[in-house]
Amino acid sequence: DGGITQSPKYLFRKEGQNVTLSCEQNLNHDAMYWYRQDPGQGLRLIYYSQIVNDFQKGDIAEGYSVSREKKESFPLTVTSAQKNPTAFYLCASSRYLAGGNLDFGPGTRLTVT
Amino acid sequence: AQKVTQAQTEISVVEKEDVTLDCVYETRDTTYYLFWYKQPPSGELVFLIRRNSFDEQNEISGRYSWNFQKSTSSFNFTITASQVVDSAVYFCALSVLPSISNTGNQFYFGTGTSLTVIP
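Taken in order, these protein sequences are the chains called A and B.
Heads up, the working numbering is the position in the first sequence plus 903, with the first residue counted as 1.
Heads up, the working numbering is the position in the second sequence plus 2, with the first residue counted as 1.
Errors might be hidden in some of the hints.
As the list claims (entries may be wrong) - For lysine-lysine, the following DSS-like pairs were computed, each having C-alpha atoms within a straight-line distance of at most 27 Å:
no. : chain 1 : residue 1 : chain 2 : residue 2
1   : A       : K960      : A       : K973
2   : A       : K917      : A       : K986
3   : B       : K72       : B       : K5
4   : A       : K912      : B       : K40
5   : A       : K917      : A       : K974
6   : A       : K960      : B       : K5
7   : B       : K40       : B       : K5
8   : A       : K960      : B       : K72
9   : A       : K912      : A       : K986
As the list claims (entries may be wrong) - Pairwise CB distance ranges (calculated):
no. : chain 1 : residue 1 : chain 2 : residue 2 : range
10  : B       : N69       : A       : T1016     : 44 to 52 Å
11  : B       : F56       : A       : F915      : 33 to 41 Å
12  : A       : E965      : B       : S76       : 32 to 40 Å
13  : B       : T118      : A       : N987      : 25 to 33 Å
14  : B       : S14       : A       : G966      : 15 to 23 Å
15  : B       : S76       : A       : A964      : 38 to 46 Å
16  : A       : G919      : B       : N54       : 42 to 50 Å
17  : A       : T989      : B       : L99       : 31 to 39 Å
Just so you know, the hints here were simulated from the structure itself, not pulled from any lab data.
By construction, the Cβ of each residue, glycine as well, lies at the ideal position given by its N, Cα and C atoms.
Same shape as in the complex, but just chain A (with noise of 0.2 Å):
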């Protein structure tokens, strides 16, 4: 079946520590996408990527980094210069077309402490 995966669901991390989140799709879109979700503040765009070796920031960039080696492949790293990083993150995936839905990988939850 095709479709996005995030792992782990859960991580807990110390502050101060970078952690990366992964995220990977068989759907063959073109397009990935990172979102953080905060409690009463919906879905804000960190990163996305239309293309490999290329991506751009989004809202909510500093403290994050991001790489696209890979088509399938569009990794998040949370730096240790993110404030406030415990949040639910969300990757997604689109076809590169105009209309196209973006398709959503299960989350992974970031406590950091």
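Using the hints provided, position chain B relative to the given structure of chain A.
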């Protein structure tokens, strides 16, 4: 600028009642797409429907129906005879074509409406 407003933060209804979730959008683009997603307690967002700006025909899918009105910039979602399994957070989203090539579709989400269906 694009914006999606879901003014209803939380709604509670008793099972079998009908409920309408409101969505108001803002955009100056003439070509755009509107979406509804459901986020159950498990967290994964599930795609429900897509509408393009040239198709104002309302749609019904089982107990779900959508009312798209360009005159009021609204894309409301009605659940008929609600069930406990409908309890979730529902997001309305807007997508517009990129203004710069190679930047792809841009999606704008509302803040979501949390629906609780009480048995």
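How the hints compare with the structure:
no. : hint                        : in the structure
1   : K960/A - K973/A             : 18 Å, holds
2   : K917/A - K986/A             : 13 Å, holds
3   : K72/B - K5/B                : 15 Å, holds
4   : K912/A - K40/B              : 19 Å, holds
5   : K917/A - K974/A             : 31 Å, violated
6   : K960/A - K5/B               : 19 Å, holds
7   : K40/B - K5/B                : 19 Å, holds
8   : K960/A - K72/B              : 31 Å, violated
9   : K912/A - K986/A             : 21 Å, holds
10  : N69/B - T1016/A: 44 to 52 Å : 45 Å, holds
11  : F56/B - F915/A: 33 to 41 Å  : 48 Å, violated
12  : E965/A - S76/B: 32 to 40 Å  : 34 Å, holds
13  : T118/B - N987/A: 25 to 33 Å : 27 Å, holds
14  : S14/B - G966/A: 15 to 23 Å  : 36 Å, violated
15  : S76/B - A964/A: 38 to 46 Å  : 31 Å, violated
16  : G919/A - N54/B: 42 to 50 Å  : 47 Å, holds
17  : T989/A - L99/B: 31 to 39 Å  : 35 Å, holds
Consistency note: the structure conflicts with the earlier hints numbered 5, 8, 11, 14, 15.
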